[in-house]
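There are 4 protein chains.
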Amino acid sequence: MDKLPDSVTVYPLGSMDLLSQLEVAKLRDIGAGEVRERFRRCALAVLNTGSDFDDARAVYEHFADFDIELLQVERGIRLRLVNAPAQAFVDGELIRGIREHLFAVLRDVIYYSTEMEQRAEADAPARITDMVFQLLRNARVLHTRVEPDVVVCWGGHSIDREEYDYSKAVGYHLGLRGLNVCTGCGPGAMKGPMKGAAVAHGKQRIKDGRYIGISEPGIIAAEPPNPLVNELVIMPDIEKRLEAFVRFGHGIVVFPGGVGTTEELFFVLGVLLNPANGDLPFPVVLTGPAEAAPYFEQVDAFLRGTLGAAAAQRYQVVLGDPEKVARLMREGLREVRNFRRDQGDAWYFNWRLRIEHEFQQPFEPTHEAMAALDLGGAQPPHLLAANLRRAFSGIVAGNVKDDGIRRIEAHGPFELRGERQVMQQLDRLLEAFVTQQRMRLPGVEYHPCYRLVT
Amino acid sequence: MDKLPDSVTVYPLGSMDLLSQLEVAKLRDIGAGEVRERFRRCALAVLNTGSDFDDARAVYEHFADFDIELLQVERGIRLRLVNAPAQAFVDGELIRGIREHLFAVLRDVIYYSTEMEQRAEADAPARITDMVFQLLRNARVLHTRVEPDVVVCWGGHSIDREEYDYSKAVGYHLGLRGLNVCTGCGPGAMKGPMKGAAVAHGKQRIKDGRYIGISEPGIIAAEPPNPLVNELVIMPDIEKRLEAFVRFGHGIVVFPGGVGTTEELFFVLGVLLNPANGDLPFPVVLTGPAEAAPYFEQVDAFLRGTLGAAAAQRYQVVLGDPEKVARLMREGLREVRNFRRDQGDAWYFNWRLRIEHEFQQPFEPTHEAMAALDLGGAQPPHLLAANLRRAFSGIVAGNVKDDGIRRIEAHGPFELRGERQVMQQLDRLLEAFVTQQRMRLPGVEYHPCYRLVT
Amino acid sequence: MDKLPDSVTVYPLGSMDLLSQLEVAKLRDIGAGEVRERFRRCALAVLNTGSDFDDARAVYEHFADFDIELLQVERGIRLRLVNAPAQAFVDGELIRGIREHLFAVLRDVIYYSTEMEQRAEADAPARITDMVFQLLRNARVLHTRVEPDVVVCWGGHSIDREEYDYSKAVGYHLGLRGLNVCTGCGPGAMKGPMKGAAVAHGKQRIKDGRYIGISEPGIIAAEPPNPLVNELVIMPDIEKRLEAFVRFGHGIVVFPGGVGTTEELFFVLGVLLNPANGDLPFPVVLTGPAEAAPYFEQVDAFLRGTLGAAAAQRYQVVLGDPEKVARLMREGLREVRNFRRDQGDAWYFNWRLRIEHEFQQPFEPTHEAMAALDLGGAQPPHLLAANLRRAFSGIVAGNVKDDGIRRIEAHGPFELRGERQVMQQLDRLLEAFVTQQRMRLPGVEYHPCYRLVT
Amino acid sequence: MDKLPDSVTVYPLGSMDLLSQLEVAKLRDIGAGEVRERFRRCALAVLNTGSDFDDARAVYEHFADFDIELLQVERGIRLRLVNAPAQAFVDGELIRGIREHLFAVLRDVIYYSTEMEQRAEADAPARITDMVFQLLRNARVLHTRVEPDVVVCWGGHSIDREEYDYSKAVGYHLGLRGLNVCTGCGPGAMKGPMKGAAVAHGKQRIKDGRYIGISEPGIIAAEPPNPLVNELVIMPDIEKRLEAFVRFGHGIVVFPGGVGTTEELFFVLGVLLNPANGDLPFPVVLTGPAEAAPYFEQVDAFLRGTLGAAAAQRYQVVLGDPEKVARLMREGLREVRNFRRDQGDAWYFNWRLRIEHEFQQPFEPTHEAMAALDLGGAQPPHLLAANLRRAFSGIVAGNVKDDGIRRIEAHGPFELRGERQVMQQLDRLLEAFVTQQRMRLPGVEYHPCYRLVT
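Chains as they are written, first to last, in the numbering used here: chain A, 4 to 457; chain B, 4 to 457; chain C, 4 to 457; chain D, 4 to 457.
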């Protein structure tokens with residue numbers, strides 16, 4: 004992780020070159036405030052792309068003297084970077100993809116903090132979906148008049164070479180069929196499908212292939228966007244990011260992963276188990292190389308064990324057959340298209356999908372909140388899903404997020420309580436993740452940030 | 004003025020196809036409210052383009068049963084038009100340029116009413132310029148990285164064939180030099196330069212020539228945009244429209260006109276006479292065919308008589324030489340470019356120009372307000388300019404705006420009071436406008452809506 | 004007709020910037036040869052656009068010191084112009100449309116002289132259509148995958164203001180319906196429809212409207228392309244130019260004109276009267292303002308009188324209704340589309356149309372050739388049409404072409420012989436053209452270049 | 004190597020959709036002729052991309068029942084494929100990149116056989132360079148107004164994983180610097196740099212990155228173009244292909260390879276050793292992973308031993324540093340740019356480079372011709388280079404080309420004679436190629452097709 008010695012001034016790309024004087028003044032007033040720090044950290048994350056480093060806190064400490072400043076000069080605005088990571092540059096010039104990311108971060112941080120955050124009603128249920136829509140619209144990722152073609156790919160940032168190559172092959176076969184890829188940014192299963200799709204798009208002469216990354220300030224440092232990402236959106240928190248995935252994407256492919264991937268799975272299945280969404284077509288395929296069979300058996304068992312057999316109706320497992328995955332997605336997306344056409348629904352945003360407040364409400368994983376989670380089997384499956392989603396979310400934070408790591412250092416592991424039957428299954432799953440090195444990047448010794456209490 | 008018998012459903016063009024559900028709901032809630040009526044009237048105006056009719060009230064009465072409805076169906080929004088003017092259609096299909104105008108109107112009316120109007124600080128001086136900027140930005144007319152090339156053309160909607168052809172010739176020579184044209188929309192001197200520029204752009208193979216129209220709800224029915232206008236902006240009131248002209252445009256050409264044109268002249272000269280703007284280059288050329296010499300002598304004398312000789316330093320008069328006008332503009336715009344480059348100013352918006360609150364504050368021409376105007380010569384020239392601007396603005400309203408016409412009908416002509424010396428000059432000028440048929444379209448007998456009292 | 008004092012160097016536009024060293028050498032070797040002179044004259048013609056001057060010889064004499072040189076310098080080729088007409092320039096820079104024309108001329112002259120002229124079989128019947136195709140393809144005017152939308156407009160270069168405005172209105176209504184315009188270049192009825200269409204295309208936001216001009220070296224000086232023409236093709240002779248019109252265009256509108264227009268009419272009707280073309284849909288509309296009724300009655304009578312009533316089945320006459328003309332064309336083009344789709348014919352070139360050798364063979368109007376024409380009614384209508392076509396072609400040459408004018412000066416008027424009945428009709432028609440000032444631009448006294456002998 | 008059972012009809016892409024009826028007739032007349040067979044084989048090669056098979060004869064035998072037919076139907080032409088390789092299709096549809104290749108092959112085969120082959124003077128020295136230019140121009144790969152940015156990458160089709168990854172890394176660093184890649188098509192070192200560049204272009208948001216493949220009918224089956232190749236040119240023979248590389252490319256990177264790569268090296272060094280080219284900047288870098296050091300030592304020794312130390316002035320060897328290679332190329336290309344600018348030379352084609360007839364004249368490797376080659380050291384270096392180039396060319400043919408393989412089967416290995424000192428060095432080099440499996444794809448046992456005789 005080298006740094007560039009001097010400061011560098013960067014010109015805007017994309018839509019950010021037009022700020023009013025009041026807007027610039029507001030941004031500069033922010034001074035040492037929270038918004039500024041959020042921006043600085045996200046900016047650092049996109050500049051730090053490609054480094055093999057999944058510990059957000061370590062990144063921030065290593066680049067503690069990194070600074071970023073908004074200048075209003077001459078014909079618009081500029082960003083001044085001080086002590087920026089060297090790998091973002093080629094012969095002293097910022098890679099253009101990273102430059103775009105920098106201004107995408109600025110765009111989203113400004114938009115959220117000036118247009119939304121302060122609104123009193125920001126947490127009102129009816130407002131949240133609207134905010135997700137507005138953030139995506141403001142980032143110009145909602146394209147009208149385009150038939151469903153966005154496949155969301157989830158999976159671990161820490162996967163082995165075989166799994167990575169497999170994810171590339173899936174992306175390749177999706178790309179050959181003209182489909183686009185949306186992931187959560189970062190390395191591993193979030194980069195592979197994009198690389199594969201990019202090669203396939205080249206062969207099919209698709210010049211406007213989309214490699215969409217949706218991140219959030221807490222995770223972006225651990226999972227920085229690959230510069231291939233040509234549309235980057237920073238949602239304000241993890242719940243809005245998850246909602247963005249399921250309303251904006253048209254189908255989901257899930258590769259092997261760890262607690263983050265499991266969090267995502269519980270989100271989408273919890274939402275789809277809602278009876279209001281019973282008729283909605285939404286293809287979900289769990290897939291990996293043939294060798295990943297034991298992993299998927301375990302995940303499948305855990306999902307069935309906790310959410311019931313009905314949950315398993317909502318996904319398919321495909322092993323070692325990337326072309327089949329792509330064909331299933333293409334067929335699934337056709338069903339989505341037909342359904343929305345018949346209903347008169349928009350193609351670019353799934354307004355119809357019902358998402359309960361339990362899934363939308365931001366969850367802050369304090370020790371108290373984690374301990375208070377009801378992981379008992381007595382509740383309806385989709386509420387249990389919501390709580391398990393939160394539990395996994397907390398473990399992700401304890402593993403790789405700056406805040407979470409600090410909390411664990413200060414107060415020891417989170418305690419999770421619940422019915423024995425659920426806890427035993429959970430214990431087996433987490434144990435397996437540790438053994439398979441899915442918790443952190445390989446080579447980092449893993450100290451669990453949680454303790455299961457029954 | 005034929006009407007199409009049935010209702011027609013229109014698909015969005017431009018940026019308006021992405022509305023959130025809350026936004027649509029808000030729009031529909033507006034119901035019979037004021038915003039809805041504003042939208043209906045502006046929409047009617049753009050549909051009524053090309054009709055020879057400059058009486059806003061008459062237009063509204065003739066099309067009293069015209070209606071427009073926002074539908075949220077299928078994959079987005081639609082507009083349903085009922086009893087729309089027939090001339091907007093070709094073989095039953097809306098002319099594409101008009102379709103764009105319709106959604107530009109929707110865009111600006113929504114943006115203003117949802118983002119700005121309700122804000123408490125909307126009238127605070129510091130806010131007004133920012134609003135002007137935001138409205139223009141939201142309409143995407145501010146292009147970065149483009150050197151100054153926007154020439155604002157002002158002049159009467161009611162001019163004779165010779166003056167019209169002359170305005171076309173000026174537009175032609177501006178266009179041959181790669182310059183773009185911005186006007187207030189409407190017929191006459193606001194259409195001629197665009198037509199001329201369009202032909203010249205064709206010859207120069209300029210495919211993205213700009214024909215920008217800036218209007219406001221009160222005037223648009225009397226001066227509907229020609230469909231050649233390929234960027235239409237509706238500012239919320241006349242003062243913001245005038246501010247938009249002088250901050251967005253890089254130079255101004257003034258053709259013969261009536262009270263509206265005189266209002267505009269007093270605005271720009273009043274602003275330029277402000278000592279804070281003393282160094283700012285801003286080319287202003289008054290021009291017309293050789294036959295218009297007496298007209299310009301009279302205007303020149305009035306400007307000198309009321310604002311002093313200093314005002315005359317800020318403009319040039321050119322008679323019967325369209326090519327010279329174009330060359331002067333090109334040179335003037337180069338100075339603007341050099342000045343802004345040296346100062347580090349933006350090219351797309353003149354932030355530096357100082358506009359006093361007297362020119363920004365909306366003026367509502369009631370009989371009381373008109374009577375209260377101080378038209379005495381004892382005040383500094385730029386304040387007298389501000390008041391004369393208001394006086395002319397009131398006469399425009401009394402002549403062609405719906406509200407104004409109603410007021411005159413109810414209470415008789417406005418009374419304007421002031422120092423004899425000013426009033427005499429004013430009297431001569433207005434008299435000449437009446438004689439030269441510059442008050443209303445030819446063929447309409449003119450009944451003055453004002454009375455000068457000394 | 005001013006000249007620019009100095010020489011000007013012009014960079015290529017379009018496809019002409021890549022010449023091999025052998026090609027450049029060949030071009031320069033041409034030296035004072037015939038090809039070089041052909042190029043010089045065509046280049047002069049496109050530079051001389053806009054001048055009111057329809058006498059080719061006079062143009063050449065006025066600009067006798069005009070010269071053009073092909074330079075191979077730096078990274079490609081350049082053209083050096085000496086003593087070029089001033090009106091082609093704006094502030095010392097060549098208008099871009101004219102620059103394109105210059106290189107279109109170079110392209111076509113080179114292509115014909117290097118690829119075609121020398122081929123032994125150039126005159127073989129089977130080759131001529133192929134050459135027409137190749138010249139059009141090389142000029143890149145043949146667009147695949149585009150439905151029929153090219154309306155050829157014929158008519159006089161010398162028409163009155165009313166007829167000109169009418170031709171603009173027809174172009175406007177064609178343009179509103181998305182149709183494109185192809186003419187023979189030049190002023191009058193060849194410029195009006197393009198101007199009208201350009202305005203309508205602007206209103207319909209059609210950015211790639213096509214204004215195609217097809218000329219030939221003999222006529223181009225008398226009918227220089229308006230710079231609006233954005234695709235210019237120089238066919239090698241008048242017969243290939245006529246074939247290009249009817250194979251490339253999808254329908255024809257004929258405005259009032261003189262002998263040139265009549266030549267064109269006899270060409271298209273002669274071709275359509277061929278029984279082999281009996282089923283081919285090909286809309287032909289003769290139209291003008293209501294005042295042109297007597298003109299069309301006369302033309303109609305002449306066509307019926309010489310070619311028979313069957314010929315009249317192939318065209319419609321519309322008076323004073325531009326919108327109707329546009330609607331007829333749109334309907335006619337739909338039939339063309341349906342027919343070609345059913346037959347599997349190309350949309351961009353009418354291979355199926357049978358054109359007899361009589362219409363393809365270049366006709367050189369010497370006194371002997373003119374005197375030898377068989378204008379007797381005993382032959383089949385389409386052969387009589389071929390001969391009448393030649394007769395009119397000769398008169399055009401005697402009126403405005405350099406060679407023709409010289410011949411008339413040297414040997415007196417052409418003699419035309421034929422059956423009394425045909426000759427009387429012909430006499431009446433030509434007499435009317437003289438009276439109506441359709442032979443030459445108004446203001447030029449007309450001395451007939453022909454004598455009818457019975 | 005599966006085949007698709009049925010026939011498939013393919014629509015044209017690129018410039019091939021416009022053929023005249025005579026052209027189609029000529030093509031169909033070709034019937035079972037040589038041109039048709041050449042076309043069939045090239046078409047098969049591009050369809051067979053991706054198969055691991057470098058034996059042209061085996062490909063032709065395996066797909067002996069493959070057929071391709073040119074149809075003139077409906078609105079243009081079509082190709083009908085019978086028994087085509089299955090891997091060119093995705094869900095029954097031809098990959099678009101391959102479709103483009105198919106029509107590029109058709110374009111080049113037609114152009115050469117209709118425009119060039121029959122010309123009497125085709126072999127005249129002055130004509131050959133012109134033909135190379137015309138073929139490249141007709142394929143539209145010559146872009147004017149673009150600064151030198153084409154890096155030719157040469158190297159073996161049979162290289163190990165490490166060397167392949169290294170070639171990708173070099174391509175990546177070239178791409179990050181905005182450079183484009185041209186290779187001879189095929190797998191290995193000809194595919195790696197394109198893949199790397201494609202990813203880098205994505206990160207730099209370069210949408211029009213160029214991946215140019217230049218092949219010839221004899222080699223294309225053994226080295227089919229990867230579908231990433233977005234500009235494919237088929238030169239008529241290997242000598243014109245080599246001339247195209249050095250006149251079209253601006254610099255050359257040479258990866259490890261076998262006899263083909265050595266042939267290329269002798270071509271470029273032989274040309275550069277010509278005193279007439281002494282001043283021409285032309286960067287040549289030999290590079291590979293650190294492990295390839297022995298290989299490059301051997302090649303370097305052979306070049307010095309045969310061509311002398313002067314040859315070594317013309318290239319640099321870089322080991323294990325892809326970024327350095329890219330920086331050297333960028334600097335080298337800047338010199339090329341400056342030189343051409345100073346000389347007024349074109350950027351898109353190196354007319355100035357002198358290539359002697361020995362390098363241009365097609366060499367047909369019969370046993371007699373091979374045996375007759377003068378490989379003695381008594382001749383000037385650039386003539387020895389020409390003969391060594393031919394010797395290597397013959398070995399390539401004997402290894403992988405259809406004709407060559409047949410000759411070797413019929414008459415046994417080629418005999419190469421020469422001075423002992425040269426032959427010993429040659430022996431060591433070829434021996435090493437055999438040992439390092441650079442002669443054929445790994446897994447194929449190699450039987451030398453040559454015998455060295457001293």
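Some hints could be false.
As the list claims (entries may be wrong) - BS3-like mimics (lysine-lysine), calculated; alpha carbons at most 25 Å apart, straight line:
#1 C/Lys6 / B/Lys6
#2 A/Lys327 / D/Lys6
#3 B/Lys210 / C/Lys6
#4 B/Lys210 / D/Lys29
#5 C/Lys210 / A/Lys210
#6 D/Lys327 / C/Lys210
#7 B/Lys327 / C/Lys327
#8 D/Lys6 / A/Lys6
#9 A/Lys210 / D/Lys327
#10 B/Lys210 / A/Lys210
Don't read these hints as lab results, they were simulated from the structure.
Checked hints:
{"no.": "1", "hint": "C/Lys6 / B/Lys6", "in the structure": "violated, 54 Å"}
{"no.": "2", "hint": "A/Lys327 / D/Lys6", "in the structure": "holds, 20 Å"}
{"no.": "3", "hint": "B/Lys210 / C/Lys6", "in the structure": "violated, 29 Å"}
{"no.": "4", "hint": "B/Lys210 / D/Lys29", "in the structure": "violated, 41 Å"}
{"no.": "5", "hint": "C/Lys210 / A/Lys210", "in the structure": "holds, 22 Å"}
{"no.": "6", "hint": "D/Lys327 / C/Lys210", "in the structure": "violated, 46 Å"}
{"no.": "7", "hint": "B/Lys327 / C/Lys327", "in the structure": "violated, 42 Å"}
{"no.": "8", "hint": "D/Lys6 / A/Lys6", "in the structure": "violated, 54 Å"}
{"no.": "9", "hint": "A/Lys210 / D/Lys327", "in the structure": "violated, 30 Å"}
{"no.": "10", "hint": "B/Lys210 / A/Lys210", "in the structure": "holds, 23 Å"}
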